[in-house]
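Peer 1: Chains as they are written, first to last, in this note's numbering: chain A, 1 to 361; chain B, 1 to 361; chain C, 1 to 361; chain D, 1 to 361.
You may find that some hints are simply not true.
No copy labels: a pair is met if it fits in one copy or bridges any two.
[What the hints assert, rightly or not] As a list, the in silico DSSO-like pairs of lysine-lysine whose alpha-carbon atoms are at most 30 Å apart: (1) 294 / 197; (2) 215 / 197; (3) 121 / 101; (4) 153 / 236; (5) 290 / 215; (6) 261 / 236; (7) 261 / 121; (8) 197 / 290; (9) 197 / 90; (10) 261 / 136; (11) 97 / 121; (12) 36 / 153; (13) 290 / 218; (14) 290 / 90; (15) 74 / 136; (16) 153 / 136; (17) 294 / 121; (18) 90 / 294; (19) 290 / 121; (20) 74 / 218; (21) 115 / 215; (22) 218 / 174; (23) 36 / 294; (24) 174 / 197.
Derived from the structure by calculation, the hints contain no laboratory data.
4 protein chains.
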Amino acid sequence: MSTSSSNGEKRIRVGVVGASGYVGGELLRLLVTHPKVELAMVTSRQYAGEYVHRVHPSLRGFTEITFSPMDLDKLGSNCDLVFTAVPHGKAVEIVKKLYDKGVRIIDLSADYRLKDPELYKYYYGWDHPYPDLLSKSVYGIPELHRDEIRNAKLVSCPGCMAVTSLLAIAPLAKHDLIDLDHIVVDSKIGSSGAGGKPSSGTHHAMRYGVVRPYKPVKHRHTAEIEQEISIIAGRKVSVSMTPHAVNIVRGILCTNHAFLKRSTTIQELWRAYRGMYRNEPFVRLIRDTKGLYKYPDPKFVVGSNFCDVGFDIDERNNRVVALSASDNLMKGAAGSAVQCMNVMYGFNEVEGLLITPLTPV
Amino acid sequence: MSTSSSNGEKRIRVGVVGASGYVGGELLRLLVTHPKVELAMVTSRQYAGEYVHRVHPSLRGFTEITFSPMDLDKLGSNCDLVFTAVPHGKAVEIVKKLYDKGVRIIDLSADYRLKDPELYKYYYGWDHPYPDLLSKSVYGIPELHRDEIRNAKLVSCPGCMAVTSLLAIAPLAKHDLIDLDHIVVDSKIGSSGAGGKPSSGTHHAMRYGVVRPYKPVKHRHTAEIEQEISIIAGRKVSVSMTPHAVNIVRGILCTNHAFLKRSTTIQELWRAYRGMYRNEPFVRLIRDTKGLYKYPDPKFVVGSNFCDVGFDIDERNNRVVALSASDNLMKGAAGSAVQCMNVMYGFNEVEGLLITPLTPV
Amino acid sequence: MSTSSSNGEKRIRVGVVGASGYVGGELLRLLVTHPKVELAMVTSRQYAGEYVHRVHPSLRGFTEITFSPMDLDKLGSNCDLVFTAVPHGKAVEIVKKLYDKGVRIIDLSADYRLKDPELYKYYYGWDHPYPDLLSKSVYGIPELHRDEIRNAKLVSCPGCMAVTSLLAIAPLAKHDLIDLDHIVVDSKIGSSGAGGKPSSGTHHAMRYGVVRPYKPVKHRHTAEIEQEISIIAGRKVSVSMTPHAVNIVRGILCTNHAFLKRSTTIQELWRAYRGMYRNEPFVRLIRDTKGLYKYPDPKFVVGSNFCDVGFDIDERNNRVVALSASDNLMKGAAGSAVQCMNVMYGFNEVEGLLITPLTPV
Amino acid sequence: MSTSSSNGEKRIRVGVVGASGYVGGELLRLLVTHPKVELAMVTSRQYAGEYVHRVHPSLRGFTEITFSPMDLDKLGSNCDLVFTAVPHGKAVEIVKKLYDKGVRIIDLSADYRLKDPELYKYYYGWDHPYPDLLSKSVYGIPELHRDEIRNAKLVSCPGCMAVTSLLAIAPLAKHDLIDLDHIVVDSKIGSSGAGGKPSSGTHHAMRYGVVRPYKPVKHRHTAEIEQEISIIAGRKVSVSMTPHAVNIVRGILCTNHAFLKRSTTIQELWRAYRGMYRNEPFVRLIRDTKGLYKYPDPKFVVGSNFCDVGFDIDERNNRVVALSASDNLMKGAAGSAVQCMNVMYGFNEVEGLLITPLTPV
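The shape of chain A in the complex, shown without the other chains (with noise of 0.2 Å):
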């Protein structure tokens, strides 16, 4: 079904569902100037008929496409890939059906990342019909998956502090340096990672200058990040995840606090993380000892796909601060699935998604 661009180049025809809200939009920036993508549709029950820069200013210039009503058999006859960009809950089914059609799918909501289904129960408050998919569902971190990512028919992009804890954590468990039973993850996030939807906790006058943890116990994200680490460390493990709203309005960082099992030095760390992300094109350590960047902080990663990762060491007790920052629309969402539609089919893996990030803004 892949067309051809206007150099001759083949282009995989791609779809985008739920492309109103933040994320959709951040996917239809990327896509847009991305050589190897044709837009083919792009839905939006509330917009449907509109252009889409009236709803993503940003685009005006860049595309004239409109939002289509959610039409399956549409998408299914017109598309490659399909992006799910809809809310928790609302992409179990049309995912399955995407998937009962033959197409491939990223999926950017939370509906098939969880292995257990007894956790949805547990997080999402729902019992999860199709368990079977689940298990062909690949979590969408090509620094964790790469190989099962590149033949999936089904990715399930990680929730945005997920994959920004995981990374900083990944490497830690690997080498199996930290007390498993103790991992504290402090998480910080902009105000765009709470989607589009106006309410009363999102007003400017009222989410502006907050520090508001928010589920500071049991949030959605413990799950990913437990499940992920329980397969690196190959045993259970349990993480305290507490997430606070500040005031920015795109950015992440996650603070994670852990005990080493040992006395362990930086360089040591050192090997650990390089040794995981030597050739990862979109993971950055970052540590230096004079100028305005020594540790991760999103405001460095802004507009990028960059997962800036850090740490330090108290040795008085045995503690190891790894901190990470991430654009949560970027590699938090939007780049982790365009990063990962790259993989699937082939394509350089950081094409279109080279873009420095914003600095100062």
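Take the given structure of chain A and dock chains B, C and D to it, following the hints.
Peer 2: Only chains B, C and D this time, still in chain A's reference frame:
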């Protein structure tokens, strides 16, 4: 040396050393309207001779006092009480000399906070010259040391993040509820906490929008928290503290992560916190299931002397998250100082401090 | 109907209609600590029965009053004075009925600000049903109408941008210094000015960081400015006003551009402004050549009832720039309202309003 | 001197003088990914020898180039084109010497913007030493001077507020629609416009939340706007400009208030603006009646090279409000510079500049 106010009421004569900084300015804001205080002398090397409202524009119209150069003799002879609000390391001699002159002192630097002189070497890099005076200094948290403060000649006000964190952890330690070896304090603080001196890291274009970890290990306030929790717990504890700069000017949130020794209910926690703070005028317990203010958030204490405290439990792994929020210039500095003054002089403890938070701001 | 306070002093009984909004909350903030006021009744349809601190968290600990449903009879029988803080168009009937019951009223909506009933049609889209009452309503700027306010039964508080702009332009118009056909008012205002109701335009991710023109022509406050300047100038004037939403919560800056009729010196301007405001407690003239505060800036009035005013001249083209800054919830709304109340009841005009701005915040 | 790129395509060799500032950093951000450019040399006195990503963290991973000390001979022999991004007054000699060496230059300082040497005395306080070179310099707005830029040896990029304002006023002046004696330009700009040097006025705690007028009269960009509008109008005009610092990092809004000479319709204005900008790739006309983006707002151009332009009319007093928004580091500086480079070398004018704005951010 006390003077009479217009209505015949006695006022104490107060001096402020280092009155041009943010903490100094906030002290002046409180003192110019305090009914028991006559502002006798405010010093600033840099601004000697200038009207204070040139440096603190908010005071225009509230006082015509000008900055004086530092003069210990004049302070000694003109003041009943002196607040010292100079940088760490600069107060150590000033306080000693004023102390020897018999003036009562409330020091807002770190120079007399720690009981163990060795810790000055470790955390501040210098030998404390007056270990005897350290032992006489009272740590200025009325909620923990009210009786000692009453008769103190020297009160040392706590670090802003230390007092905020301590008020959340103290009830847990007092009731022996938590594992004292795995306390993680993750703090978030506004830019006024760094003082008024410009630098590349505080430059608006670089400081705006950050979620910047700084001193992720070995931050100086760690020592104060460990000192006080150790006193309460009756054993030496180790605290893991990591502060972050966030995109606000005023305010601190401390997310204090701890692990419960045994299964504990929310009701037990309520009892522990209520038992300790029931009669405290400046600690508010925050926990709601609806509305805009479910957990402590510095947005809702800005400008006030409150420390709001709340908590939640994750039964999955017996974790408790104790949250505390304050205005770093108020309960975190000048407000606590004035509260200590009220205690020292037998004034109503809330005198001059019953200021509502400014919401929304 | 007045009651006695604890110290035997008479207090007036005050009601607030529409107390759950931002202006209502700010009124409560001022009234709960006002020594001459007893808060008799506060109404809210949406929150009837709830403690006010559930909606206004900053008031937790300051009052145990709950919201009542609207009941004009109860308001009439329980209150000496009622503040009405409901949306434009909602006050018109409430005010009329309370007026007819003989209660004194301070209305914070626009419904009784304009003298010319035709303007309600043009700017608000409805016919004013009580033109007679319009003519009895006093426009609530004490600096312009103090004597009328003293005896008023109905005071209509000015629009937040209108009062801020008027205080800067009035001395120029009074002294016949400017071309009254080319007055340009360029206003910048924080998000609290738009009230507490969430919408896509006030959603943090979309409202944060804007410099958003709204109603660049025909903004409703234009009518108030023209009305009052016309009175001062003794002829009909036309004002060109354009407001902008900027990335703050509280505060207004009005940049009032005008052209001098003849070459004028800074000294002449000083005389005009000092002549008008010398004895005004809430207008501060700001003009400095060094320091942080050279011209008015809302940052330095936050939380206070001040309107700071300043100016400069461009001799090249005989232009004057008159600048004025206020807190839109204080001098722009609740602060002005309480100031009017103080005037109406012969209290000290600054009673309950001598609040320092909160700096830095 | 041009080199070949990997795909055999010719690249020009480019130098950047003063590459450690914000404008320099933004230039590098654009140049490292520009397909027609080889970055030959970037200079910084302060950071000579350091990797550029130490100063510009966003470039980590994009280039391994280090800062060189300034060396005019090397620049002359290594570069086809040099961008000079040094402070005003520092470029005047550097540009002259490079010019004499035959290198093409795009200067981002103000030193060669004004045609009338007298204006340097008035606005900058020094005598321009090279009035001849002033007359050869081309003012770098392609929308106004494309043909001259094509062959220019020296292009002087406009001031950020000047270009933003000019693009909004130019069509009005060109079509003789407005009173040229009463143009009021009210500008709002983010903190990056003040450069990277810390000061008390740019310190986060003091700069955050301001709406601060600075240079309300006689701002230097006034001269540029008057110069260019005078050319378009064919007579000397006088512009009244007042800039304000607002609480964002990137972005400019210019609210250009003018008075129509005669009754004019919105349709006439559309024709004037469309006539001038129909084929301009970086000017977008913004005017909508619904959605989030009804008028220009810098929030929606952040990171891009667009200048969004819109307008409205107040028939009551024949006023037009022409609004324009840009990113001060892009269309206001580095973006315009690269656009000029593309024109000078016959590249596709949008090469390297088709970057979507980052929304929301």
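Peer 1: Does each hint hold? Answer for all of them.
Peer 2: These are the hints, each one checked on the structure:
1. Taking the shortest alpha-carbon separations for residue 294 and residue 197, only the inter-copy value of 19 Å comes in at or below 30 Å, while the best intra-copy value is 35 Å.
2. Taking identical chains as interchangeable, the C-alpha atoms of residue 215 and residue 197 lie at most 30 Å apart whether they share a chain (19 Å) or sit on different chains (24 Å).
3. Within a single copy, residue 121 and residue 101 get their C-alpha atoms as close as 27 Å, which meets the 30 Å cut-off; across copies the closest is 59 Å, which misses it.
4. For the identical chains of this complex, residue 153 and residue 236 are intra-copy neighbours only, at 28 Å inside a copy versus 55 Å across copies, given an alpha-carbon limit of 30 Å.
5. Taking the shortest Cα distances, residue 290 and residue 215 sit within 30 Å of each other only across copies (13 Å), while inside one copy they are farther apart (36 Å).
6. Taking the shortest Cα distances, residue 261 and residue 236 sit within 30 Å of each other both inside one copy (17 Å) and across copies (21 Å).
7. Taking identical chains as interchangeable, the C-alpha atoms of residue 261 and residue 121 lie at most 30 Å apart only when they sit on different chains, with a minimum of 28 Å there against 34 Å within one chain.
8. For the identical chains of this complex, residue 197 and residue 290 are inter-copy neighbours only, at 17 Å across copies versus 41 Å inside a copy, given an alpha-carbon limit of 30 Å.
9. With identical chains, the CA atoms of residue 197 and residue 90 are at most 30 Å apart both within one copy (15 Å) and between copies (27 Å).
10. Taking the shortest Cα distances, residue 261 and residue 136 never come within 30 Å of each other, neither inside one copy (35 Å) nor across copies (40 Å).
11. Proximity of residue 97 to residue 121 under the C-alpha cut-off of 30 Å is restricted to the intra-copy arrangement: shortest distance 22 Å within a copy versus 55 Å between copies.
12. For a Cα distance limit of 30 Å, the shortest separation of residue 36 from residue 153 inside one copy, 19 Å, qualifies, whereas the shortest one across copies, 39 Å, does not.
13. Proximity of residue 290 to residue 218 under the C-alpha cut-off of 30 Å is restricted to the inter-copy arrangement: shortest distance 18 Å between copies versus 38 Å within a copy.
14. Taking the closest pair of Cα atoms, residue 290 and residue 90 come within 30 Å of each other only across two copies (25 Å); inside a single copy the shortest separation is 47 Å, beyond that limit.
15. In the homo-oligomer, the alpha carbons of residue 74 and residue 136 lie at most 30 Å apart inside one protomer (24 Å), although the nearest pairing across protomers, at 60 Å, exceeds that limit.
16. Only within a single protomer do residue 153 and residue 136 lie at most 30 Å apart by alpha-carbon distance; the minimum there is 8 Å, versus 62 Å between protomers.
17. Proximity of residue 294 and residue 121 under a CA criterion of 30 Å is satisfied inter-copy only: 25 Å between copies versus 41 Å inside one chain copy.
18. For a Cα distance limit of 30 Å, the shortest separation of residue 90 from residue 294 across copies, 28 Å, qualifies, whereas the shortest one inside one copy, 41 Å, does not.
19. For a Cα distance limit of 30 Å, the shortest separation of residue 290 from residue 121 across copies, 23 Å, qualifies, whereas the shortest one inside one copy, 48 Å, does not.
20. For the homomeric pair residue 74 and residue 218, neither the shortest alpha-carbon distance inside one copy (39 Å) nor that between copies (47 Å) is at most 30 Å.
21. Within a single copy, residue 115 and residue 215 get their C-alpha atoms as close as 22 Å, which meets the 30 Å cut-off; across copies the closest is 38 Å, which misses it.
22. Both within a single protomer and between protomers do residue 218 and residue 174 lie at most 30 Å apart by alpha-carbon distance, with minima of 24 Å and 26 Å respectively.
23. In this homomeric assembly, residue 36 and residue 294 never come within 30 Å of each other (Cα to Cα): the closest approach is 36 Å inside a single copy and 33 Å across copies.
24. Taking the shortest alpha-carbon separations for residue 174 and residue 197, neither the intra-copy value of 39 Å nor the inter-copy value of 43 Å comes in at or below 30 Å.
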